[in-house]
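The whole structure should be built from the sequences, with the hints applied where relevant.
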Amino acid sequence: ITLDENQGSGERYSVKQTVADIKADTTVYQNKDGSYTLDQSAPGNVRVNDAVVSLDNRTRSNTQAIQNHSR
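Start counting the sequence shown at -5; every next residue gets the next number (our numbering).
No lab work stands behind these hints, which were simulated from the structure alone. Treat the hints with care, since some could be wrong.
What the hints assert, rightly or not - The following label-pair restraints were derived from C-beta to C-beta distances:
hint, residue 1, residue 2, range
1, D27, Q61, 23 to 29 Å
2, Q1, Q61, 17 to 23 Å
3, R52, T20, 17 to 23 Å
Where is the CB? At the ideal position from N, CA and C, for every residue including glycine.
The following block contains the structure:
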């Protein structure tokens, strides 16, 4: 999808479908145990950006806990 009509394929897409496609590409689902999945039947959904930040925070926290216990 491009805003430059000279570079596009000439096909038209509805705004509703475009938004749905973007949401599908930027959403992951969260299981009750906090793990992430692409399974749409999981009970929760999370934006990919939020999931990445959450995973980073958990990784940092776990790394610090491991470092503190090994001293």
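- Task: Could you tell me which of the hints above the structure violates, numbers in ascending order?
- Result: Per hint list: single violation, 2.
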